[in-house]
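2 protein chains.
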Amino acid sequence: MAVYTDISEAELRKFLTTYDVGELTSYKGIAEGVENSNFLLHTSKSAYILTLYEKRVDRDDLPFFLGLMEHLARKGMSCPLPVHNSEGQALGVLAGRPAALITFLEGMWPRRPNANHCSEVGKVIAQMHLAGQDFSLTRKNALSVGNWRPLWELSATRANEVEADLDTEIEADLALLEAGWPTGLPSGVIHADAFPDNVFFLGEQFSGLIDFYFACNDFLVYDVAILLNAWCFEKDGSFNVTKGMALLAGYQSVRPLSAEEAEALPMLAHGSALRFFLTRLHDWLVVSDGAMVVKKDPMEYLRYVRFHRNVVSATEYGLRRMDDIT
Amino acid sequence: MAVYTDISEAELRKFLTTYDVGELTSYKGIAEGVENSNFLLHTSKSAYILTLYEKRVDRDDLPFFLGLMEHLARKGMSCPLPVHNSEGQALGVLAGRPAALITFLEGMWPRRPNANHCSEVGKVIAQMHLAGQDFSLTRKNALSVGNWRPLWELSATRANEVEADLDTEIEADLALLEAGWPTGLPSGVIHADAFPDNVFFLGEQFSGLIDFYFACNDFLVYDVAILLNAWCFEKDGSFNVTKGMALLAGYQSVRPLSAEEAEALPMLAHGSALRFFLTRLHDWLVVSDGAMVVKKDPMEYLRYVRFHRNVVSATEYGLRRMDDIT
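Note that the protein sequences, when read in sequence, are chains A and B.
Be aware that the first sequence starts at 1, since it is given in the numbering used here, and climbs by one per residue.
Be aware that the second sequence starts at 1, since it is given in the numbering used here, and climbs by one per residue.
Calculated from the structure, these hints are not laboratory results.
One thing to keep in mind: the hints can contain errors.
Straight-line alpha carbon distances no greater than 35 Å define the calculated DSBU-like cross-link-like pairs of lysine-lysine that follow [unchecked claim]: (1) B:Lys14 / A:Lys14; (2) A:Lys75 / A:Lys55; (3) A:Lys235 / B:Lys14; (4) B:Lys123 / A:Lys55; (5) B:Lys55 / A:Lys45; (6) B:Lys123 / A:Lys14.
So these bits of chain B aren't anywhere near chain A, every CB distance computed over 12 Å [stated by the list, open to error]: (7) Leu12; (8) Ile30; (9) Glu32; (10) Pro110; (11) Leu202; (12) His282; (13) Val311.
Just some of the chain A residues that point at chain B, by a computed CB distance under 7 Å [to be verified]: (14) Thr5; (15) Arg13; (16) Lys14; (17) Gly29; (18) Glu35; (19) Ala115; (20) Val254.
As the structure is a prediction and not an experimental result, all values here were calculated from the model.
Glycine included, C-beta positions come from ideal geometry on N, C-alpha and C.
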């Protein structure tokens, strides 16, 4: 959802004078993006997205996010391109907030992803991993294994309101993941939030990847683990291995996983499910209703956590043996 | 506000097959409209608004609303034109709701209306009143003087939570308005909700009138009374008579008010301020937070009610004597 901040035409026109985008003809607040205010602009030239960065986004991270979009777009990836103003800047100020104008990508995100969508997103994220290798900026993952315990502690005392004995269960998960979290896997820039609503299609064809506001440096295969959670579970909580196979094969057709990465996948998928469970639980229990955060049911991800806890090998996700693939 | 119902691309594509609008390339839920879910669509041909009618809108009223837009657009007014499907219908069904596709109007609503905007909206509403004279359907005003007491009774017992002795004050207003409400004034189709967010401009030029979902048959000058409330008060609650003059002169340049209409204006302005106060009070006190109604501060309109209560003549709004005008 979104649009925390409304803007007047006068201030928007003034902002746009420094951009070579033609005459403004309309702007509508759009119900997308959880962290920021987004507007769809029409001008005499084209369509654009205007984003005002609200307080949940750290301003120091904006050069990384905008620079990454630009880097990836220059490498030929279909992602939004930040428009530079007459001073060469991608970042301006509007309504007292950091603001960026980016190109509008046509396309629609799949409300009901199928195996083809999964294959496409696997390929696209692998392409992003390769294209990001020579990006010069870095950003630490602020929601990695070391951050989960402090996050958990904000909700822990009330967790049993959600389900009996949940605290014991999550404590055990945390201990397991903290002790066993892999090291030394291939790293680079990951998207870290490539959920279906951030991946656009025109028909069955991928058309654009958006919303890089969780992007960071981490194990590349951790992004694959996030994709498995975001794309391959059905509404009833079951894991669809056909989708998992399509996603993993799509990824490996561009960037094959090493044996170490494949071996780490169950633990990473378990961890990434816990990460989304913990942020949702926190929003659910702790963040006030007035904060306009969209609260998503944390139980969905608790079911995924429980699934991954019992996975022994990545073949259970549909990963085919390396020598079948390469 | 906006987007209660999300829709999948598959169901949207299916819906659009019966419309000659080209290939769908994107759709975004937009943060506009209080009662319905609205999407901005891009197709290979043009841009459109898709509206899903939610439960606060009576389905039986939809032919009136859509027919009116069509009637006004055919008369040359700049308002959205409902697109007909291959069966000649302006109304379809999508996601289990009545749904209509209408043309997208470029333009922006003025966040800070000036006297020129007021003059323009006065003219446009007068044009609408003339253009609506031969519209064949009718719709009773469901929020006129006879409806205020029942509405008030839903909030009355809790009104003093908002301000001490508010109940006595509102009871006196109701008695006064019910006893003195005019009869026999020129009637016709009125917009009844022409607030700034429903009137678009490109620069200083009017570009479009939208959102006819409160339109009904009532005294034409009652619409003028609504405009005075919606456009001519400043944020501090003061009435800006320069704006009032511009608005009334704009209106009268297209449709002069009769002496009886001018005389009735203070009572109608008082009543219309009370009508918006009562609906806002009801949403504030009675409607649950989960209903996703945007709650607007009722006190703003209470200040207007108090202002109008002391107005003796329409000249206080900036109405010039008839013989100065005509």
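Each hint, compared with the structure:
About 41 Å separates the Cα atoms of lysine 14 (chain B) and lysine 14 (chain A), which puts this hinted pair outside 35 Å; it is violated. With a CA separation close to 31 Å, the supplied pair lysine 75 (chain A) and lysine 55 (chain A) stays within the 35 Å bound. Restraint check for lysine 235 (chain A) and lysine 14 (chain B): satisfied, since their Cα atoms lie roughly 23 Å apart, inside the 35 Å limit. The suggested pairing of lysine 123 (chain B) with lysine 55 (chain A) is violated, with an alpha-carbon distance near 42 Å, which exceeds 35 Å.
For the hint pairing lysine 55 (chain B) with lysine 45 (chain A), the CA-to-CA distance comes to about 38 Å; that exceeds 35 Å, so the pair is violated. At most 35 Å may separate the alpha-carbon atoms for a hinted pair to count; lysine 123 (chain B) and lysine 14 (chain A) meet this at roughly 28 Å. Consistency note on leucine 12 (chain B): stated as away from chain A, yet its beta-carbon is not over 12 Å from all of that chain's, at 8 Å minimum. Annotated as non-interface, isoleucine 30 (chain B) brings its C-beta within 12 Å of a C-beta of chain A; the closest such distance is 5 Å.
For glutamate 32 (chain B), the non-interface assignment is contradicted: its Cβ lies about 6 Å from the closest Cβ of chain A, within the 12 Å cut-off. Not every C-beta of chain A lies more than 12 Å from that of proline 110 (chain B), the closest at about 7 Å, which undercuts listing it as non-interface. Not every beta carbon of chain A lies more than 12 Å from that of leucine 202 (chain B), the smallest distance being close to 7 Å; the non-interface claim is violated. For histidine 282 (chain B), the non-interface assignment is confirmed: its Cβ lies about 21 Å from the closest Cβ of chain A, beyond the 12 Å cut-off.
Annotated as non-interface, valine 311 (chain B) keeps its C-beta farther than 12 Å from every C-beta of chain A; the closest such distance is 30 Å. Below 7 Å, beta-carbon pairs count as interface contacts, and threonine 5 (chain A) has none with chain B, the closest being about 11 Å; its hint is therefore violated. At its closest, the beta carbon of arginine 13 (chain A) sits 9 Å from a beta carbon of chain B; the interface hint therefore is violated under the 7 Å criterion. Hint status for lysine 14 (chain A): violated, given a least beta-carbon distance of 13 Å to chain B, over 7 Å.
Interface hint at glycine 29 (chain A): satisfied, since its Cβ lies 4 Å from the closest Cβ of chain B, which is below the 7 Å cut-off. Hint on glutamate 35 (chain A) is violated. Least Cβ distance to chain B is approximately 15 Å, over the 7 Å limit. The interface hint given for alanine 115 (chain A) is violated, since its Cβ lies 15 Å from the closest Cβ of chain B, which is over the 7 Å cut-off. A hinted interface residue such as valine 254 (chain A) counts as satisfied when its beta carbon comes closer than 7 Å to some beta carbon of chain B; here the least separation is about 25 Å, so the hint is violated.
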